[in-house]
Amino acid sequence: MGAYIVRRLWQMVPTMAGVIVMVFILFNWVGGDPATILAGKMSSAEQIANIRHQLGIDQPYYVQLWIFLKQIVSFDFGASWSTGESVAHILTTRIGPSLMVMLPMTILETLIAIALALGIAFLRGSLADRAVMVACTAGMSISILVYMIVFQYWFAFKWGWFPVQGWGDSVGENLFRYAPLPILIGLAVSVAPTLRLFRTFVLDEVGQDYVRTARAKGVSERRLVWVHVLRNAAIPIITYVMANLPGLLIGVFLLENFFSVPGIGREVIQAVDRSDFPVVKAATVYVAALTMIFNLLADLLYKAADPRVQLQ
Amino acid sequence: MIVSTLPQSPGLWLLAWRRLRADRLAMFSLAVVAAFLMLISLSATGLIAADWDREVGVNYAPPSFAGPDAQSTANDAAKDDTAVPENPLDPLNDVLRELRAQRGDAAASAPEDYGIVDPIGPEINQLRAQLAKEGRGTAAVRATTLPFGADKWGHDIVKKTIKGSETSIVVGLVAAFLATLIGTLLGAFAGYFGRVVDDILNWVYSVFTAVPNLLLIMAVAAVLQHKGVATIVLILALTGWTGTFRLVRAEYIKHKSREYVMAADAIGASHWRRMFVHIFPNVSHVALVQMSILSVGFIKYEVILSFLGFGVPVGVVSWGSMLNEARNELILGRWWQLTAASIAMAVLVTAFSLFTDALRDALDPKLK
Amino acid sequence: MLGLFLPLAASAEPKTLRVLFEAPDSGIDGALTVNWYSGKLTEMIFERLLTYDYMARPAKLVPGTAEAMPEVKDGGKTYIFHVRKGIYFTPDPAFKGKRRELTAADYIYSFERILDPQNRSPLLNFLAGKIVGLDALAAKAAKSGHFDYDAPVAGLKALDRYTLRIELNTPDYNFPYVMAMPSGMGAVAREAIEAYPGQTPSHPVGTGPYMLAQYVPSSKIVLVKNPDFRGLSWDFSAADGPNDAQIVKDMQGKRLPQIDRIEVSIIQEEQSRWLAFADKQLDLDFLPQLAAPKVMDGERLKPEYARAGIHLDRAIDAGITYTLFNMTDPVVGGYGKEKIALRRAIAMSYDTKQEIALIRNNQAVPSQMAIPPGVAGYDPAYRTSIPYDIDLANRLLDHFGYKRGADGWRTMPDGKPLAVSISRESAAVYTEMAELWQRGLDKIGIHSEHPVSNFQDNQAAALECKLMMWGAAWNADYPDGENFLQQLYGPNSLQGNMSCYRSPAFDALYKEAMALPPGPERYALYAKMNRQMEADTPWFVQTVRVRNWVSQPWVQGFKKHPILNAEWLYMDVVPH
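Residue numbers (the numbering used here), protein chains in the order written: chain A, 7 to 318; chain B, 1221 to 1588; chain C, 114 to 689.
It should be emphasised that the hints constitute simulated quantities derived from the structure, not laboratory data.
The structure presented is a predicted model; accordingly, all values stated were derived computationally and were not measured.
Incorrect hints may have been included.
Claimed, not checked - As a list, the in silico PhoX-like pairs of lysine-lysine whose alpha-carbon atoms are at most 20 angstroms apart:
id	chain 1	residue 1	chain 2	residue 2
1	C	K198	C	K211
2	C	K186	C	K270
3	A	K164	C	K624
4	C	K243	C	K624
5	B	K1372	C	K407
6	C	K516	C	K529
7	C	K186	A	K164
8	C	K362	C	K466
9	C	K362	C	K673
10	C	K190	C	K211
11	B	K1372	C	K466
Unchecked claim - FRET-style restraints, in silico, Cβ to Cβ:
id	chain 1	residue 1	chain 2	residue 2	range
12	A	W72	C	A169	42 to 50 angstroms
13	C	D555	A	L109	36 to 44 angstroms
14	C	N588	B	A1254	16 to 24 angstroms
15	C	G344	A	W72	50 to 58 angstroms
16	A	G8	C	V335	48 to 56 angstroms
17	A	R136	C	D555	47 to 55 angstroms
18	A	K223	B	M1482	54 to 62 angstroms
19	B	G1266	C	V335	55 to 63 angstroms
20	B	A1254	C	R496	40 to 48 angstroms
21	A	G8	B	A1254	55 to 63 angstroms
22	A	P199	B	L1267	45 to 53 angstroms
Beta carbons: idealized from backbone N, C-alpha and C, even for Gly.
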């Protein structure tokens, strides 16, 4: 196991290198020139050259790349080009709100999807199962944009159940006042596909011999479902949840933007828009690293949960 | 001599088709998808909705079943603002005067005394006189309601929805095809050749999947400089091939050591032949299902790209552009564009998804 | 008995004003950014020598930290300011426990900071080249990498502790306006800047009416009353605004600032913004364009909002929107008649009235000249000579040989293909304007493209004369038309003259105008410069935006000022 972990970590290195080079090429080559926006409304060529010099972007590429590598190793990405705030500070302060929306959403979505998946898995082929599947598919076909616009209009504005937008100061306030509507929308969008997927996992289990055997032995349906099947289906479920976490950024970003939640997704998009290179580099590198670590954890969990699995 | 023929085992596709046929929901979905495809081919050839960008309604005309707006300003044809003073510093003054005179405009108001003459003044007057002779047509009357209402410019929502369907579906299908193509080719190479090729391609795969999807999309969009529908298709294809790659690679690994491949090797088939003439047909169902899944995903993604500002260019309508416009319309009480685009998209995506599921079930031997 | 009641009154809720920014600020250091939202914050925390009369229109300069308006000598070359005594910076560890008074030397330091190459100040061009000896010092700093703040500068001298003498290279009648610029000319203390290197945007130390209490970047900012503030009295006379009488009645004589706490939220989505105000989560906002039709009945509030006590202040932005042509572009640029005719025809094809009605929901008016109302040089009787006239445009193009090809699109007179490219950003309003452009250009037979890019890239390309056409907006930095016309001045090409327009006639008029003091003679030249601009058509001026500022019934004293960024100092909130 230890050797496996080391080998996996070692394998991450070329991937990280590839990510770094790719990010660097893409944003350096094409990412827009921050010097002019920082120079103000009426700026001379000298001013712009001066700014470029200050930001270090007038150096040859290989020098910039070397600086970038040093930054990654020392976890110091300098300061945002547009606000001067330290990049590390930006990332650490924005991750909180993002997590406050993402984590409850993931937990609730997983629990709901599991419960429903187990519930309908045994109805396979029947009308109710079919109906649920069609409903899921229909729900998935509505764009998140539509959910956001409509939910905000009805639930927040017309009926006043939630605040229209915003973010508070305390964890409690955020969790129970501001986060619920974004989380609700996130659920509306993600429960359906997750349910479909979990249903597949559960079905895979239900078709196995041990289920038939257990039934023959007289195990009650409920125990069968909630203990035996769930334990086995838990493996792909957990793997899916863990591997999906970093990727949740997309849906969460849209929610952050719409509801003015000061999270990472919104920050990164603003940074790309303003050609704020340090912020984008840092965010990409960290998320890439996180993705790989989460994948590794998922694999380890998989192995721990199911000894049959051979890790290569 | 009578030779009895061995009973033929029906191929994968025939079996799948039979299973599909038996599934009524799948057939219904297929019918819906086919209907959309027919609609968009009619639209693409210009037989319907070709004039979607004509301003036939008043701005924000409500749907016919809702009745006309009390305050809709009907026929608000912008009046030509031709009564302007003359600019004595204007080199075009003579021309403009002439053109205006041709048209029959009243003489322009007295110029300020700056002592500078417009070189094109006489020409303008001449043109003006001419225009007056021809007379100017009355502005077309615009409808106060349309079947499903109008957008802010007065375009018919029904026609926009049809044209938008064409754009969105074509974007989705073409991008899905390209992404599947890329993923299949790369997956085939990786799975078949193994070793170094596999390592390199796996590395590329891991780099692409390590970078957050959104970031990758924005970066690629920035590179390609927003040149239209082709750009969106390329962006989606270049970021969406990874799923197909992994599945196809796994299939190729599974198949390459099978007997039939070794048999092909024995008869001297080249690598290329083995990969694509022998193995691919056994793997194609995976690619097909992937393409189907990707189509659905990309159609939905186009909406998000419009939200982020990387959507279709001006003058092209898609579901994404309609929903983007509709963002601010709900607050004004104009719900029809939002509803039309959402419903059209929902119906197609649902049908396509259900069909994809059924297709996968039909092709998947595990369920036999 | 009475004693029981007093503490109750003292412990009342602090008066709070909740406002919003539509986009994040860039920190609270005025010298480092021209971000409009940062400007609102720096205006409340730092103080300038001069400021504006809150109520007077057109904008009128009044003393800020200066005791009186400056003495002007040498025909506009020398300015002498006397800083008020007894103004103190808010306490900060950098002052080592001592109370720190504002002196003339602080202004010297603050201005020098703007020229310091290390600060990359976007305000550079407002002071560069103007003050005797300062540019030489800045040049030395660029070479050595370190700005010598202790070196004396001939043009910035503190005659005594509170007296500042500024000597300019050439007479500049607009210089007092520069001193009053709300966003960057406030005084900072050298110790406070040097104590927090790199962190000044989040650690502002000023003498102003408010101080920073909480700063969550891109999300929330809280300002609280500065207990050490020298105090001001609300003492202005009503001008002729519709709400002026009420404002004077509510506010006259009050000790400022009245509002104890200002909470700023950053809300980017228009729907979210509007719903937040409607939900009473915000006290003051300008109506997003999408909400205007719901709330306004033409120029008034709809009855249900008026009855609810919502206040409306309809303010015309001291800025214009316009589209610029690149005068060096091979397709649309050039000074010959046929190119002028091409640009003129393009300008004549754009339906500004439709833009205003449909895209801006009537929250704008057509702009007749390159100078908006409220800015010196604006003439309400001036009318542009460029009409919206599709017929005439077609005629003009036909006349100059832009024939239509087989595919219906026009070509250049020599037969080469003709396609116009109008750059824009990705926001919805620009998409809609691009649609409007396309429809107009279609009607005159000109093929058009509308490439999207982000603002920085577009601005960079424009500054290098690489874009063909670009839609832009300019808000007045100070209320003189020169602030707008300088962008068409030839020598400013590659520096702010993004049209790369070089017209000897225009430049001659500009130089002539700059040599005159403000007055009717000078403004007549501005009008002539507008005519020259229309004649050559480097710009096509479109609209002046109207902002409908709405405030809740419990907000008093709001009157949008064309130059001042934040009116919060002069307002009050009634308990509700």
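Query - Ascending list of hint numbers which this structure does not respect - result: Per hint list: 3, 7, 8, 10, 12, 13, 14, 18, 20, 22 violated.
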